[in-house]
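Here are the chains, one letter per residue:
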Amino acid sequence: MKGTNLGELEELVLLMVGVLYPQAYGVAVMDELEAQVGRSLNISAVHAVLIRLEEKGLLKSKMSEPTEERGGRRKRIFLLTASGKRALEEANEMRNQLYHQIPKVAWQFKMI
Amino acid sequence: MKWLKPPQWPNRFLQWYCHPDLLEEIQGDAFELFYRTAKKNKWKANLQFVWNVIRFFRWKNIRKIKSTQTHQLSIAMLKNVFLVAFRNFFRQPAHSLLNVIGLSVAFACAFLILLWVSFEFSFDKFHSSNNRLYSIVSHVEADGMVQSYPLASASINTSSVPEVEKAVSISTGSRWPHILCFKPESINSECVYLEGVYTNQNLFSVFSFEIVEGDPHPLNRPDHLVISQKMAKLLFKDGQAIGKTLKVDSREEMMVVSIMKDIPSNSSLQFDFAMPFAFLQKEWGINEQQLSGQFFNTYIKTTVPVSAEVLSAKLNDERVLTKELKEQNVRYQALPLKDWRLKNHFEGGQQLSGRMEYVVLFTIVGSLLVLIAVINFINMTTARATTRAKEIGVRKVTGAFRSSIVLQFVGESFLIVLVSVLLAALITQLTLPLFNSLLGEQINLSLVSGFLPFILLAFLLIISVLAGLYPAFVLSSFQPARVLKNQLSARMTGSHRLRQSLLVVQLSVAIGIIIFSGVLYRQLSFIIEKNLGFDRSNMIRVEPTAKLFNNFGVFKNELFKDPAIQSVAASNTNPLQAVGGNTDVEWPGKPKDQRIVFKTIGCSYEFAETFGLKILEGRNFQPRPLDSLNNEVLISEEAAKVMNLKQPVGQVIRMGSSPCVIIGVIPDFHTESLHALRLPVILHRVNYMHTSAIYVKYRPGTTQSSLAAVSKAYKTIEPDYTMKYWFQDDTFNEIYKTEIIASRLVLVFTLVTLVISGLGIAGLATYNVLRRRKEIGIRRVFGASVSQVMYTLTHEFSGILLVAMLIAAPFAWYGAERWLTGFAYRIDMPWWIFVVTLLGIGSAILLIILIQGFKTVNVNPSKTLRNE
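Order-wise, the sequence lines are chains F and Y.
The opening position of the first sequence corresponds to residue 1 in the numbering used here, with each subsequent residue numbered one higher.
The opening position of the second sequence corresponds to residue 113 in the numbering used here, with each subsequent residue numbered one higher.
Keep in mind that a hint or two might mislead.
What the hints assert, rightly or not - Pairs of lysine to aspartate or glutamate, EDC-like flavour, derived with a Cα cap of 16 Å: (1) F/62 to Y/133; (2) Y/151 to F/69; (3) Y/172 to F/55; (4) Y/117 to F/54; (5) Y/172 to F/54; (6) F/62 to Y/136; (7) Y/117 to F/55.
Source of the hints: derived by calculation from the structure; they are not laboratory data.
Please work from the sequences and hints to get the whole structure.
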């Protein structure tokens with residue numbers, strides 16, 4: 001595995017799982033991504049990312065009760081793990097750090 | 113919501129491929145999305161569902177084949193499988209041998225066809241730049257008819273086409289001056305006739321003909337020549353030829369400057385020597401300008417591979433195709449040289465498939481043969497399955513998985529197929545020389561050359577899986593409890609329906625091949641036996657020399673000293689293969705717009721007599737010197753008819769600019785192969801010097817002595833030469849070479865088909881009768897007569913035979929009809945062949961069953977029934 005670096009989509013999905021607690025599963029994450037971020041993804045892509053994040057240990061999952069709208073099938077509900085939380089924090093922190101390092105003068109959009 | 117369901121097949125696909133651990137959530141997601149969309153639009157929902165299923169088809173989601181707990185293939189197990197296979201092979205030697213023979217004969221045929229097909233495809237591919245070589249074809253339109261020649265003007269100038277790297281004109285032919293007399297170094301030797309080409313220096317830079325010794329860029333001096341290694345060995349005792357002079361045609365001295373490697377047999381261009389055009393000019397007595405007016409085979413090498421269409425378009429540009437040629441309605445076409453061999457047949461300016469048709473035909477025949485053999489194998493193996501039932505039962509009881517039993521039987525069939533393939537390879541290599549002589553080709557490939565071993569390996573694997581899989585599944589499906597309790601049922605030997613269908617397929621293929629080859633054979637013998645209208649047998653064609661013509665009277669006198677010689681004539685066209693036509697004929701009362709193609713043959717006065725053409729009206733040519741003021745012609749009946757002359761004799765017609773008087777009418781005769789329509793003929797007298805061959809007719813049965821007499825007469829006039837001659841019959845065979853070869857091959861493959869399907873049917877019928885021994889016994893006990901028992905044994909086969917006939921007949925009819933349309937003169941579809949085939953195969957099957965049946969029927973029923 002390529003370290004614990006989060007890809008952009010992975011980070012988004014991870015955030016969504018947190019946002020949707022405790023009802024984060026494939027279709028819900030997909031819908032939320034479209035509603036909140038405007039990213040229209042195929043369910044299989046979302047599913048693949050979720051599985052990958054679980055393999056990296058950033059998510060854990062359990063099966064829900066059977067539901068009618070799925071033809072009596074269960075959902076796989078995803079939850080953040082401690083390392084998932086750490087990964088999000090690190091990503092956030094790194095971003096903020098870098099953001100604050102941008103010199104004021106850069107905001108004037110001028111070439112020197 | 114309940115009544116809406118996602119489409120079943122993608123759902124099933126999903127269930128099939130999806131990893132079981134992931135199936136529930138994935139299916140759930142897909143269903144949820146489907147229901148959600150279905151509320152709005154059912155079609156969209158369906159599409160979305162399918163799309164999602166496809167998108168979920170990812171490596172991670174796919175079900176992985178897990179190896180089972182125990183090892184399937186331990187060494188000991190493998191050893192046991194092979195041991196059992198060997199024991200089984202030898203326990204029923206007749207059965208195994210039948211299988212192996214059937215398979216290997218079919219495989220050998222398929223391999224021979226494979227060799228031949230790859231040989232045909234290998235033509236001209238040995239040139240290192242084979243994808244940049246093109247041959248030029250000229251299409252000449254005249255009177256609405258397009259004739260195509262593999263030639264282009266000798267003065268073709270391709271310098272305006274940027275893609276052309278080099279072009280080369282090559283003059284080829286099968287007569288003088290392309291076949292010349294060379295004398296080996298030893299004294300007093302006879303001529304060796306060798307075939308060569310005239311060309312320029314570009315020959316060896318356009319093509320990859322390898323020069324092994326001497327000047328690598330030869331042919332730049334008028335007295336230089338290049339010879340092949342074979343020719344060097346033939347003419348020089350020690351094979352040392354470089355720098356030596358050769359007397360060409362016993363007159364001209366040429367110096368050997370280079371020796372090239374012998375040209376491989378898969379080259380369309382074949383020659384033993386190459387000389388500069390200067391020599392041809394000298395022989396023909398023409399100057400540079402006249403030479404540039406000639407047409408020769410022309411090849412182009414381009415700098416980069418270009419499409420033939422693009423190149424053709426550029427060749428028809430004004431800078432290449434000169435105005436004069438354009439006015440003569442000439443059109444050039446470039447063809448990739450690598451396709452030349454298989455697709456060099458033109459009709460009406462259109463490229464036809466030519467040899468390719470035969471390649472396809474025999475590929476189909478080969479595949480069908482293999483199919484028949486494999487079906488045999490499957491039928492025989494499943495039919496005998498019961499003999500292995502106990503073994504399978506015991507294996508299963510001691511814990512064999514079904515998969516390992518499948519593996520065992522696939523392995524067994526692999527062994528048999530392997531043995532057959534090896535045997536077939538051996539047969540192939542042994543019969544290759546025979547096959548070569550049958551084809552009249554020199555296939556210089558073997559099964560271990562090039563990529564063929566890989567094809568063979570793939571063939572081996574595919575066939576053994578094909579042949580082994582079904583029997584393996586049937587055999588491995590046995591339930592041990594029932595098998596071991598001896599409750600065998602007919603159902604245990606696989607689907608009866610399936611075996612019947614296989615038999616139908618097999619029989620239809622056999623019937624189809626037999627009918628098709630029957631038609632093919634009838635048509636070919638029709639052609640060969642068809643009366644062409646003139647005599648072609650017992651005739652020698654002699655290549656003339658100038659001296660021979662000058663002393664024609666002496667030559668004739670010498671010939672007639674032998675009473676076996678009947679007559680001698682000369683003509684400028686061989687009536688067997690008179691190509692081209694003449695439309696420049698005028699006659700009284702000819703309508704203005706009418707254009708009719710005649711064959712005009714220039715000949716000596718003895719022509720009609722020599723070729724057995726009777727004079728129906730008027731008189732023959734008279735044996736007196738040619739009178740240039742009074743041209744006389746003989747016309748065929750058809751010519752008289754198209755000219756609409758009631759009294760043809762005495763009428764004056766014009767040929768070109770010269771008026772001719774019709775002195776007689778001769779019967780119609782064919783002047784080309786029977787692929788083409790017969791044309792009206794006009795015979796006119798020409799000087800001996802303007803003829804191209806001398807025809808000597810001799811009494812039947814005196815071939816040897818007549819040939820000796822002709823040869824002797826020749827020697828008296830041309831002591832320095834050896835006579836070059838052909839038999840007209842051989843030339844005739846040459847014209848139909850492809851057809852004759854095809855018919856021979858078809859005959860061979862028909863025999864093989866018969867043998868293989870015969871083996872299969874015999875095996876199956878034997879087995880069927882043996883299986884029903886008890887049934888027959890019971891029937892006999894209850895008073896069935898022998899014929900009634902025979903009826904129950906045979907009626908199943910007769911149904912199968914009829915169905916097979918119904919399937920095969922339309923295909924055979926269609927194929928044969930399509931092949932026959934290629935001939936202008938053809939037989940009607942011989943329906944009796946269909947009937948005879950049906951009856952023949954039917955009675956053969958009947959015979960096999962009856963022989964087996966009688967053995968069983970005549971056994972006392974108490975014997976067969978006691979044996980419980």
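Verification of the supplied hints:
no.	hint	result
1	F/62 to Y/133	holds (12 Å)
2	Y/151 to F/69	holds (12 Å)
3	Y/172 to F/55	holds (12 Å)
4	Y/117 to F/54	violated (31 Å)
5	Y/172 to F/54	holds (13 Å)
6	F/62 to Y/136	holds (12 Å)
7	Y/117 to F/55	violated (33 Å)
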